[in-house]
Amino acid sequence: MFILVDDIYRDEDRAILVEVLSDLGETLPVTIIATTPSFADRTGSIRENSYLDKLPAVSPDRLSDQELARLRQMPIVANMSAKKFKQLSETRKILVVLLQLTEGKPIDEILLATAERLKSKFTDTYRAWSVVVLFGGHNLPVPGSILELIIGKPHFSDSLRENPRKVGSEGIIFPSSYPFKEGWFAGHLLIARFAFRVEFSDTLQSTCQMAVQAASPSDPEHALFLGRMLRFLSSGTPTERNLAIRLLTSHEAMLRCLAVAFPDAMADWAVAFLNLGRNDIAEECLIAAKPSTPGKAQSVIRGLEQLRKTSAAMRVAGAWCDSHPNDSYIRTSYLALLERNGKPGQVKQGIAQTAAWLAKHVDNANVRRFYLGLVERKGGPGQLEQAIAQTAAWLAEHVDNTDVRTFYLGLVERNGEPGQVKQAITRTAAWLAEHVDNTDVRTFYLGLVERNADKQDLDLAVRNTDAWLRKHSGKTDVWCALIAVLIRTHQPALATEVATAAMSFNPTNQNLTESYLDLIASQGAEEDVEKIFDGLENRFPRHRVIPLRRARWLGERGRIEAAEAGFATLREKYPQWPQVNYAYGRHLLSLEKVAEAMAQFEIALGIHRGFQMAHEGKAQALRGLATKASEAGDTQEAENYLLQAEQYFKSAIYWAGVHAAPAARFYTALGWFYLDEKRCEEALSSFESAIGENPEHFSNYWGKGAALKCLGKYSKALDALNIALSKAPQPLEPPASEEIPRLIDECRKAK
Numbered sequence: 076m077f078i079l080v081d082d083i084y085r086d087e088d089r090a091i092l093v094e095v096l097s098d099l100g101e102t103l104p105v106t107i108i109a110t111t112p113s114f115a116d117r118t119g120s121i122r123e124n125s126y127l128d129k130l131p132a133v134s135p136d137r138l139s140d141q142e143l144a145r146l147r148q149m150p151i152v153a154n155m156s157a158k159k160f161k162q163l164s165e166t167r168k169i170l171v172v173l174l175q176l177t178e179g180k181p182i183d184e185i186l187l188a189t190a191e192r193l194k195s196k197f198t199d200t201y202r203a204w205s206v207v208v209l210f211g212g213h214n215l216p217v218p219g220s221i222l223e224l225i226i227g228k229p230h231f232s233d234s235l236r237e238n239p240r241k242v243g244s245e246g247i248i249f250p251s252s253y254p255f256k257e258g259w260f261a262g263h264l265l266i267a268r269f270a271f272r273v274e275f276s277d278t279l280q281s282t283c284q285m286a287v288q289a290a291s292p293s294d295p296e297h298a299l300f301l302g303r304m305l306r307f308l309s310s311g312t313p314t315e316r317n318l319a320i321r322l323l324t325s326h327e328a329m330l331r332c333l334a335v336a337f338p339d340a341m342a343d344w345a346v347a348f349l350n351l352g353r354n355d356i357a358e359e360c361l362i363a364a365k366p367s368t369p370g371k372a373q374s375v376i377r378g379l380e381q382l383r384k385t386s387a388a389m390r391v392a393g394a395w396c397d398s399h400p401n402d403s404y405i406r407t408s409y410l411a412l413l414e415r416n417g418k419p420g421q422v423k424q425g426i427a428q429t430a431a432w433l434a435k436h437v438d439n440a441n442v443r444r445f446y447l448g449l450v451e452r453k454g455g456p457g458q459l460e461q462a463i464a465q466t467a468a469w470l471a472e473h474v475d476n477t478d479v480r481t482f483y484l485g486l487v488e489r490n491g492e493p494g495q496v497k498q499a500i501t502r503t504a505a506w507l508a509e510h511v512d513n514t515d516v517r518t519f520y521l522g523l524v525e526r527n528a529d530k531q532d533l534d535l536a537v538r539n540t541d542a543w544l545r546k547h548s549g550k551t552d553v554w555c556a557l558i559a560v561l562i563r564t565h566q567p568a569l570a571t572e573v574a575t576a577a578m579s580f581n582p583t584n585q586n587l588t589e590s591y592l593d594l595i596a597s598q599g600a601e602e603d604v605e606k607i608f609d610g611l612e613n614r615f616p617r618h619r620v621i622p623l624r625r626a627r628w629l630g631e632r633g634r635i636e637a638a639e640a641g642f643a644t645l646r647e648k649y650p651q652w653p654q655v656n657y658a659y660g661r662h663l664l665s666l667e668k669v670a671e672a673m674a675q676f677e678i679a680l681g682i683h684r685g686f687q688m689a690h691e692g693k694a695q696a697l698r699g700l701a702t703k704a705s706e707a708g709d710t711q712e713a714e715n716y717l718l719q720a721e722q723y724f725k726s727a728i729y730w731a732g733v734h735a736a737p738a739a740r741f742y743t744a745l746g747w748f749y750l751d752e753k754r755c756e757e758a759l760s761s762f763e764s765a766i767g768e769n770p771e772h773f774s775n776y777w778g779k780g781a782a783l784k785c786l787g788k789y790s791k792a793l794d795a796l797n798i799a800l801s802k803a804p805q806p807l808e809p810p811a812s813e814e815i816p817r818l819i820d821e822c823r824k825a826k
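Residue numbers (the working numbering): 76 to 826.
Read the hints as simulated data drawn from the structure, not as lab findings. On a predicted model such as this, the values are computed, not experimentally measured, just so you know. Note that the Cβ used here is the ideal one computed from N, Cα and C, for glycine as well. Just to be clear, a hint being listed does not mean it is correct.
As the list claims (entries may be wrong) - Using C-beta positions, here's what the derived DEER-type ranges look like:
#1 Ser367 <-> Asp438: 18 to 28 Å
#2 Thr564 <-> Gly352: 52 to 62 Å
#3 Glu821 <-> Asp532: 43 to 53 Å
As the list claims (entries may be wrong) - In the PhoX-like style, the derived pairs of lysine-lysine whose C-alpha atoms are separated by at most 20 Å in a straight line are:
#4 Lys371 <-> Lys384
#5 Lys791 <-> Lys753
#6 Lys196 <-> Lys228
#7 Lys824 <-> Lys791
#8 Lys791 <-> Lys802
#9 Lys384 <-> Lys418
#10 Lys423 <-> Lys453
#11 Lys241 <-> Lys228
Using the sequences and the hints given, assemble the complete structure.
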């Protein structure tokens with residue numbers, strides 16, 4: 076028997092539930108599915124007993140991947156960038172019924188109908204909704220007092236709170252108690268942004284202007300709200316940034332008064348002033364700020380470092396750590412700050428203090444991992460040996476931890492004695508035998524054995540990993556690691572066997588197949604790679620991706636005639652397969668045959684106009700044509716080509732979004748394009764979009780660092796470039812191995 080209770084806290088539904096539970100019968104199994112308002116999950120107050128098993132609370136409106144893909148196909152959603160869609164849908168807290176009940180009706184139609192209803196029946200609520208969705212699209216609740224002043228309706232918050240049905244606000248304006256005692260928000264970022272776009276996009280300037288005019292210099296909530304408002308405007312689009320500049324120019328005396336009146340609001344004001352180039356007011360706010368949350372503390376610390384007030388930044392970080400002894404977020408920031416700017420004595424003291432902190436917070440892994448890196452880079456020999464010994468003891472007590480364990484293995488490999496490394500390998504093998512589902516440690520362990528053990532131990536590790544993969548066939552990272560080890564150790568026959576198994580276990584995953592083939596092509600000696608391709612083509616004669624990757628590999632190795640023959644065969648055999656034209660176009664680009672490459676990308680797009688890779692390829696070809704035009708002295712033609720190139724980079728991003736495919740590589744390509752054109756702000760935005768989707772790829776941070784350096788933000792550039800180094804594969808190869816250290820050196824000198 077199943078019972079659905081729509082709202083367990085509504086009196087009539089609770090009464091039904093109590094009545095059912097009072098007489099369940101002798102053996103009748105009952106499953107109760109009870110919902111609560113999405114903004115008031117109180118399931119923690121339900122007590123478990125012998126008659127009731129309480130399962131973990133889940134959100135009934137948490138979208139699955141499939142439902143998100145359906146949402147992505149809506150016309151207005153399809154036009155969004157991948158980054159923006161990810162931001163809007165990250166919480167997945169939009170009701171599934173929005174799709175189910177509307178039968179796929181576009182969200183803009185739903186919101187326009189809502190706006191028309193409010194406009195005709197509830198004028199005041201319509202105006203209030205316009206304010207709430209404007210700021211709700213930037214995750215900013217609106218304090219009730221500001222809302223009432225903007226719409227000119229005192230006590231309107233009472234109506235929203237006491238009788239939302241009467242004023243038509245039910246389901247569109249929701250109460251918020253943070254950061255304001257009584258605030259209002261639109262319920263969901265996605266709904267707010269769409270509502271603003273389809274109905275209120277022309278109200279940005281007037282609403283923000285009225286908010287400034289309505290604010291009271293003596294109200295701390297008003298100061299906090301306007302600081303957050305100026306922060307989002309100053310870091311937004313050119314239109315929003317220009318509005319922030321105009322507001323500051325026309326109301327500077329009042330805004331400056333608000334900015335320096337309430338220390339809790341100063342972090343937001345400081346960021347806004349930094350964004351607007353008003354470093355004098357920003358510094359005043361940062362020095363006097365009293366941040367109340369880790370996020371605000373981080374803003375103050377970063378702002379002071381950006382203004383080169385590193386001593387003040389370290390004081391703020393140290394004071395926060397002293398007054399919030401259990402906070403680990405700022406503690407790691409403090410250690411990074413010490414490493415970048417501290418004197419040797421300060422760093423030594425920071426290491427000692429962190430060791431003492433870890434002794435009291437034995438379960439913390441994040442700070443411990445950062446501490447180990449700091450000790451390795453900045454600590455003395457005694458400190459490093461002590462840290463290694465302490466970590467070994469800690470891991471013995473925290474056997475399920477993987478992050479610290481992986482870092483520890485690298486630490487021992489880089490700094491330990493041969494005996495310690497051998498012991499680490501033995502202990503890790505035993506640990507993996509007890510943690511059969513682990514992937515991260517297993518992957519690192521395989522490389523550790525390859526680099527440090529003898530052939531007998533390596534063969535055993537390979538056999539064990541291969542056997543493990545037959546039972547865990549979906550663990551693609553471990554497949555890749557094993558294939559890479561076999562290629563590097565010149566075992567092409569076994570590499571072929573393992574790659575064949577990997578592809579057989581994952582037959583429909585073309586991206587995975589391409590990853591294996593890329594790995595084979597990039598890491599093996601030429602003779603070994605040739606043998607592996609021969610073996611795979613014999614095993615998979617119908618798998619057209621294999622000969623295509625082989626043709627590309629031949630071109631990469633400079634075997635042009637063989638590559639041309641391979642591409643010609645594939646183009647003749649698969650005339651309607653756009654990937655072969657795209658790959659051939661890339662090959663031609665590498666030979667600087669730009670016009671011929673352009674023709675191949677156009678053929679690919681003629682077959683499949685939404686082929687995002689071909690859009691990006693055409694953009695690169697247009698860049699090449701622009702270079703040739705510029706060299707010929709035709710600047711107008713060059714500018715036309717560059718304009719077209721930018722549009723094709725953007726169309727690659729657009730079509731990736733339409734297909735719900737990764738777009739990070741296209742944002743990265745667009746970022747480098749903007750950097751070449753000295754469009755540094757746009758480059759920074761593109762690299763940040765790439766990082767938002769792919770936070771682990773080092774080249775995105777490399778590009779971000781280059782863009783920040785271009786903007787003169789040297790401290791932030793250093794942060795990004797150091798992250799790039801920490802995430803980069805080792806050993807780092809050109810051009811990254813030359814460019815990143817050069818950029819770091821230039822940023823340090825500029826500071």
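If any of the earlier hints don't hold here, list their numbers in rising order.
none
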